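Peer 1: Listed below are the residues making up each chain.
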Amino acid sequence: MNGLARASVRFRPASFAGSFVALLFAAAMVMACGTLLQTGVTAHVAPVRYAHVPVVVAPDPDARITVGHGEDRETEGEPLTDTPRLSAAFAPRIAAEPGVAAAVPDIAFPVQGAGLTALTGRNWDARAVEGVAAAQGHAPAAGEVVLDPGSARAAHTGVGRTVTLTAPGGTATYRVAGLTAPGTAATAYFAESAAPRLSGHPGLADAVAVLPRPGVSTAEAADQARHAVGRAADVRTGDGRGAAEQPRLAGAKEMLTAIGGSFGGIAAATAVFVVMGTVALAVGQRRREIALLRAIGATPRQIRRTVATEAVLVAPLAGLAGLLPGVALARWWLDQLVRRDAVPHGVTLAVGWIPMVVAVGAGLLAALVAGLLAARRPSKARPSEALGEAAVERRRPGVIRTLLGTVAVAGGVVLAAVAAHTTGDDAASIALAVVFCFMAGVAFLGPVVAWLAAAILGLPLRAGGAPGALAAANTRANARALASAITPIVLVTAFAGTLLCMQSSLQHESSRQIRDGVVADQVIGSAGAGVPAGTAARAARVEGVADAVGVLRSGALYRASGALNSTSVLGVDGDPAQLPGVLALGLRTGSLAGLTRDGRTVAVDTLLAATAKVHVGDRISLWLGDGTALRPRVVATYSRGLGLGSLLLPRAVLAPHAASAFDTEVLVHDGPGADAGAVRRALADRLGVPGLRVTDRAGYRAQADRDLELNAWANRVMAAVLGGFAAVAAANTLVMTVLDRRREVALLRLAGTTRLQVLRMLRGEAVLVAVAGLAIGSAIAWITLVPIARGLTGAAPYLAPRTAAVLACATLLLTLTATTLPARALLRDARGA
Amino acid sequence: MATTGTSAVELRSLTRTYGRGEAAVHALRGIDLALPRGSFTAVMGPSGSGKSTFLQCAAGLDRPTGGEVLLGGEPITHLNENKLTKLRRSRVGFVFQSFNLLPSLTVQQNVLLPLRLAGASPDRRRAQALLADVGLDGHGRRRPGQLSGGQQQRVAIARALITRPEVIFADEPTGALDTGTARDILDLLRRAVDTMSATVVMVTHDPVAASRADRVLFLADGLLAGELHTPTPTAVADRMVTLTARGGTSLGAAA
Ligand SMILES: Nc1ncnc2c1ncn2[C@@H]1O[C@H](COP(=O)(O)OP(=O)(O)OP(=O)(O)O)[C@@H](O)[C@H]1O
Ligand SMILES: [Mg+2]
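Sequences listed follow chains A and B, in order.
In this text, residue positions in the first sequence follow the UniProt record's numbering: the first is 1, and each later residue adds one.
In this text, residue positions in the second sequence follow the UniProt record's numbering: the first is 1, and each later residue adds one.
No false leads were mixed into what you were given.
Output of the computed footprint for chain B on chain A, the stretches with three or more beta carbons under 8 Å from beta carbons of chain B:
no. : segment
1   : 287-297
2   : 300-307
3   : 371-383
It should be emphasised that the hints constitute simulated quantities derived from the structure, not laboratory data.
This structure is a prediction, so every number in the text was calculated from the model and none was measured.
Ideal placement from N, C-alpha and C gives every residue a C-beta, glycine not left out.
Looking at chain A on its own, in the form it has when it is part of the complex (with noise of 0.2 Å):
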């Protein structure tokens, strides 16, 4: 029988096409999710800052909380969502020490002056870290500096003379102590006194470097680090000092693995599905040979070995030709984050094995399930009964079908309703999957969704001539063939839909929440790293201004009962009372009055609220940016959250933990009857901070959330790879099924229809599958995203007109070319026969 086979395949390839192109792709997907995975559990990067100190001491980047009770406790971690930093006390505690000769805080502050973006500040003995020694001048004293060369030309500055530069901690001129070699980083010491403060959060440093004495191991004085700080921050040594040094590596690690994992699992199954549907229909296409064969002499047993041997044949060189697209894929997908600093510098892509296997294995199981399943009625068959001339379609469709197809849209309907509960981060996937039940319950009852589309759209067809009646009969007639090009159209259009729609649904009601919620009159902003402290007070001063709120935005965990989500936080400086001038954060219970400063109040926004489950009086489990536990009582809900941030905390509280302790923007309400103008040039003119600029509320940035940016940019890509897939799938499908008709169109043209008329008809089923395809598949995407929407954003899924024309005039123009093209090259052969 393997003769039989592989006399098909290499003779006949064109029947083979479409299942390789299928398997092609689908080992693309999988191979780079897979790729993706990989790199996200075993991404490390080398010490590239920490490279000559053996041993660093560095917070846990992740924040715990124990689930569970007894047997099942289990501890929960979730990266934080800055820079994690652990208490500088530890340095002293780690030099007493008998092995270690020097343990170092390492400090870094972002520092902005005349001329100077992207400084970095550090304290002085930080330069043990690198081994940098002042070239000329000494280490800085207090109201002293030493620079990098680079920075200090910039500047117009030098050794003796003075720089004016801001840190958070505060704005000073300090006199130029030295320069480093030439060609280090931008870099400003400051001295060791001076730099906690000067940073923005006294008494935190991002690690500790330890040097070891003489003749003591890296191993003893990890030891002996270990012992001085107990379990409260991570020895590391080896690679492990890289994921100090960039302490974003665990966010990036499960970032990768969250995409590989439940992105790769979505797209391995819409893999499977689609080359299962494409094998299904070339083994259907087959029906007369497997007729004739049976009717030569073949067994069913033979058929169904002869269709495996093909899948056998087909799949594994198919898959092998999708891995370097898959690694292609997988590269640039790292690289993008990279840029979009998801992912720090330095990670890698690991192709291992591993995805290979599962890509190659994936494609390869699934069509010969598929070849089997599909060869099983056929093989059956009568020989005689799948002979005849015209190849009659099985008008009822099978009871396991039916059952499977209403179990597949009931699961989906149930799996809907969970969504309902889901925030952020795994609403995308729960989503996919959700919609994936759909397209599970549409491929099964595909012939019959098929039919009544049909019926349906068939009816303005038949106004339009012979070639529309032709069209109309032809797709009731092969329901059967009309669904399998359906279900790719309904693919694209339910993936790419969800996943850009849940985005717009996000972004419309976030930037809608910023139009209603900042009422500020003025807004200043920075163009560098951010406003410093300070600001807002002195702009309160300003002639015409009646308020001036400094506002600091950050990210934060909460707990909501066995899990830790990330949240955008807002600090606001000043009096509580004053806020509702410049923000209207619609308060829904509580008072804002009642928000101390002393980090043991916060108000929250009311879907964080119900997904915490918290109300006014209640606690509430949060882990500031850099790890800093809290457990304040909630004292207000409000509804705008998703726009201006879901937790509302003093910015004296939230400061020292952001990752930087510059305000992001001070907001203004101008005194009554004061021109906006006027008091805008005023502002301008009087602050005297470098790089400020001073706009009306429109210049409230709409939310600078990277999550949410990353988020947005991640589901297009996300939408762009499933749905491109699907639209590879649903050409491959229409090319497949058009070319199956070559003996009808023959017999078309001899009947006497005109080219024109074929095509016209051709055209007009086209037309048909696409508009039943973005008809269901926009279906699928409502109900899918209505719950999700609502638990997302408190409103119902939007999608800008534009974005769905686009979708829908794209889908349109896929089903038309991918139908006229071989229709056309029909038309050719048809003339020549």
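With the hints as your guide, set chain B with the ligands onto chain A.
Peer 2: Only chain B with the ligands this time, still in chain A's reference frame:
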């Protein structure tokens, strides 16, 4: 009629109905027939009279709605697909009205296919000899797509003969052939009957072709409408004219 023991093919009140209820088509309405071993039978009748259905039911390619089919005295109606297939493979050769060859295989591979399916060693020399017999010497390496309709039909006949079957069913084997080639094919079938004592059942519309058979059966409207022994072309043609003139109404069979 011949007794059961010696019949190559025997049909007992065979009926075949396509579809159900209102839309039901009674292709065969009850056929009783026995074809002795080593006989050459032609089946004639107007288009749509049920000839192909009759042939497929008799060959075990289709399952009758009612009645029984015996091949070599063995009832096949209740065999499962596997057993039926194996029986067909070893005892029956079939030439279809159209679409006879697998497009992916060469002519020779198509001819050898039944042997390969049976797991027997492919007898290439016999395949070549058979191809030469049907006038296709040297075409063995071609693909079916490169042959004319008549040539494809001839390849199918070579394939039907390769297993030396006891019964050969041929559905209009000469329908697409010129008189010369048709005569060659009929000679071939005749020789299979005379020298290999095969039983041949052939559907045809051609009175000349039918006259090469020992006996001609006439089908009309799913029923036997008579038969002719040692037919001549004119007798067959006359019978056909009366049959068609009656509009397919079945009358009692006249021997
Ligand atoms: N698969 C089918 N479903 C429904 N009806 C069928 C089917 N196959 C054949 N028929 C009907 O059964 C009857 C007999 O068909 P059959 O093919 O046996 O005719 P025939 O005598 O071989 O005709 P021809 O000489 O044109 O080949 C016809 O009326 C035909 O319409
Ligand atoms: Mg016929």
